[in-house]
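Trainee: Use the sequences and the hints to build the structure in full.
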Amino acid sequence: MSVSLFLAVLAVLAFVGFQLGKSRAVVTAGGKLSRLHSVPSYYGLYVALWVGLPALMLFALWTGLEGSIVDGMVRSSLPAAMAGLSPQEINLIMVDIHNLAYGNITSRVPDPALLAAAEHYKGLREIGNGALAVVMLAVACAGLYYARQRIEPGLRARNLVEKVVNIFLILCSLVAILTTVGIVLSLLFEAIRFFTKVPPAEFLFGLHWSPQTAIRADQVASDGSFGAVPLFTGTLLIASIAMVVAVPLGLMSAIYMSEYAPAKVRGTVKPVLEILAGIPTVVYGFFAALTMAPFVRDVGQSFGLGVSSESALAAGVVMGVMIIPFVSSLSDDIINAVPQSLRDGSYGLGATKSETIRQVVLPAALPGIVGGVLLAVSRAIGETMIVVMAAGLAANLSANPLDAVSTVTVQIATLLVGDQEFDSAKTLSAFGLGLVLFTVTLGLNIIALRVVQKYREKYD
Amino acid sequence: MTDIISTPRAAAPYQTDDFAARLKKRYAAERRFKMYGMAAIGVALAMLAVLLASIVAQGYTAFAQHDLALEVYFDPAEIDPQGTRDPDTLSNANYAALARNALLAVFPEVESRTDRRRLTAMISNGAAFELRQMVMDDPSLIGTRKSVNLALASDYDQLLKGNIDRRVPETDRKVTDQQIAWIDKLVANGNIVNGFNWRLFLNGDSRDPELAGLKAGLVGSLLTLMVTLGLAIPIGISAAVYLEEFAPKNKLTDLIEVNINNLAAVPSIVFGLLGLAVFLNVFNMPRSAPVVGGIVLALMTLPTIIIAGRAALKAVPPSIREAALGVGASPLQVVTHHVLPLAMPGILTGVIIGMAHALGETAPLLMIGMIAFIVDTPSGFGDAATVLPVQIFMWADSPERGFVERTSAAIMVLLAFLIAMNAIAVVLRKHFERRW
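In order, the protein sequence lines correspond to chains E and S. Here the first sequence is numbered in this note's numbering, starting from 1 and rising by one per residue. Here the second sequence is numbered in this note's numbering, starting from 1 and rising by one per residue.
The hints are simulated quantities; they were obtained by calculation from the structure and are not laboratory data. The beta carbon of each residue, even a glycine, is placed where N, CA and C say it ideally should be. A couple of the hints might just be wrong.
[Said to hold, decoys possible] Taking beta-carbon pairs under 7 Å as the criterion, some of the chain S residues facing chain E (in silico):
hint, residue
1, S238
2, A239
3, Y242
4, L243
5, V270
6, V278
7, N284
8, M367
9, I371
10, P389
Mentor: Written out as structure tokens, the structure is:
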């Protein structure tokens, strides 16, 4: 609550600064606006920025550091009896202190020392917040005073304001890079922790996946094994079923829509097909688990085949349906990019429309289509909800589409849902899988984007 | 005159039988090819129809629900024996007994303990809470009789909706023959009313299907989307403006561009891993909170918005920029006064599509713990919350027949929102589309 109050006060101050700066500029110019370097509102903005920015930066800095500073102070003030404990135990105590301070449930009955520490923690945070409020207000007022003093007709307010805006724009564009760096670092760090417990070779080439590890030392029969090959094959199996469904259907609908369909049909069918792309994946998952899987099982049983109730086939087919619009809209773009002159040349030689498409348009569009299909494959590999709901958890090493298989994404999701500690090989293995998933999809995407780009340059 | 000897001319190559046969074959191939295309579209549309039809068929019944209309006597001896009207006493009274007595009054012939227990099992666990709420709101009810609609336990609701087959042998059924007889009597007496299922929209989640509602998920989705919007729109538009209007062509901007394209294709669950490792484990932000969910979804939708935004900015003709520059505007003024307003409809379309995507996303939110069982509606950005798609995912896991129905209904609500958002995007595009 206090955070939004701070920000509201700051916003009001900035607005006041804007008005003050504006009127001050008019006054210093003696009412002759032409003497000013910039339009008066730029002087207002200049003051407002001086009010808001330093205080905001301070605020961000404090919110980033507060936790560790306060924790450190509480830690050093813990009673001597606790000082001899191992780092893990200290961490547990800190968690309990946080929970006590926020009125949450703790892992044990609090003893007086802990309660005192929690009070201390709460007190420190309150002092911290109070100090922050005072300092922020002081900084904002100082900014207001300084900026207002500097206003004079010669001040190049517009350039200064625009420089700040420009920096802001650059920072916003850097968010994309920061996100990627964040993804890579978080996956790498956790995965490295995992690989210190399980050797990478065993992870990448092991044939048995069963991540259940012993929680207590005396537990029997649960030393997890982390051979991810069954997950890779399961992922590939489902992705290939999905591609078998999506590529012919998507490609043929794209061909029909760009080459044959009258404008009216195209205008209605295209958006309707795109609904398929807009349906949330959890809906597909529900459909796959509740309608498709029993259907596949019943059909299989009527032919005397043993189909497991969570078959790769059901998940793959539904995933394929989800990807159809993706393949079709990408191929549609690429087919449309093939110059009409190539088609006209082919018609001139007496080829029929289908011969033109098969022998001229498709070969010309092939690199682009391949790129599109690769993007679709990467999407199929990374898809989570459909397989979580319909593909099952049994990591079978099987190429039979009627078996239940598990995928990389299913394991990531099931390993990390719920409360876990983050130093068991079980939870860390999810980051190992995530790293593989990210690397593979990133590789596919880069290749696909390259292929599409390279092809595009041919005719433009 | 000499006779002209007419020599039989050789048939033109295109008149030979051979050629005709080949031509026929080629035309047949042409027709077949066209048929394949139509069949492909037909299959895709059929799948869409089957998907929607199966969900509507399974879920439309969830919007109505059977209630027990019973005359409840708010017995002072049960609720408030001392007559103090003390809120503590009122809230701790045994309201389940009131509901049970009301139902037993309809069946005076049921005597044995087991039968009575089976009979009163037809009242939902939530009935007691609903009665309590009524008394807490209006203590003057105590001592009066009032006809009240109480929730019917889900199995009997399903029976009345025909989802539990009466012909199945009794042992395979969740409802006994005797209970069916009771239900039939209640129906005959007019004690069963069928009305719109307000609980679906007014309640939070519950383990009992007849009480489970979407409110917590709807509010959670709203809060999460607000965070996503608040971050993704300013950052996305600023990034698009910088890259399209100001960025020099150098290594850094190339890197940013490649990055954005790649991020657009990174699996969503990887963003969940990012949220878990960075926001929860490093920054110690609260689990299951709309803030974290919103940030993760914002990072995920950012590439969509940037790419759409750049396309919209690119569509604004350079003449407008040159004219503004020519009368002395600074590059930033050109963008804020002229280019951005013109490109806004296109950018907004991208924003809405990105938001629709974020609204339906589930996987990354599972990673940051938004799969919590939430009964209370979240009241702030830091509270534990769940969102609509995650609620669907959790309900889909529940084995009760009543949850199948509700899952489908929740999907219909979600799809209604998505279709509304997409419709807005289409209208915007149609309305503001300009050609220069």
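Trainee: Return the numbers of the hints above that this structure violates; sort them in rising order.
Mentor: none
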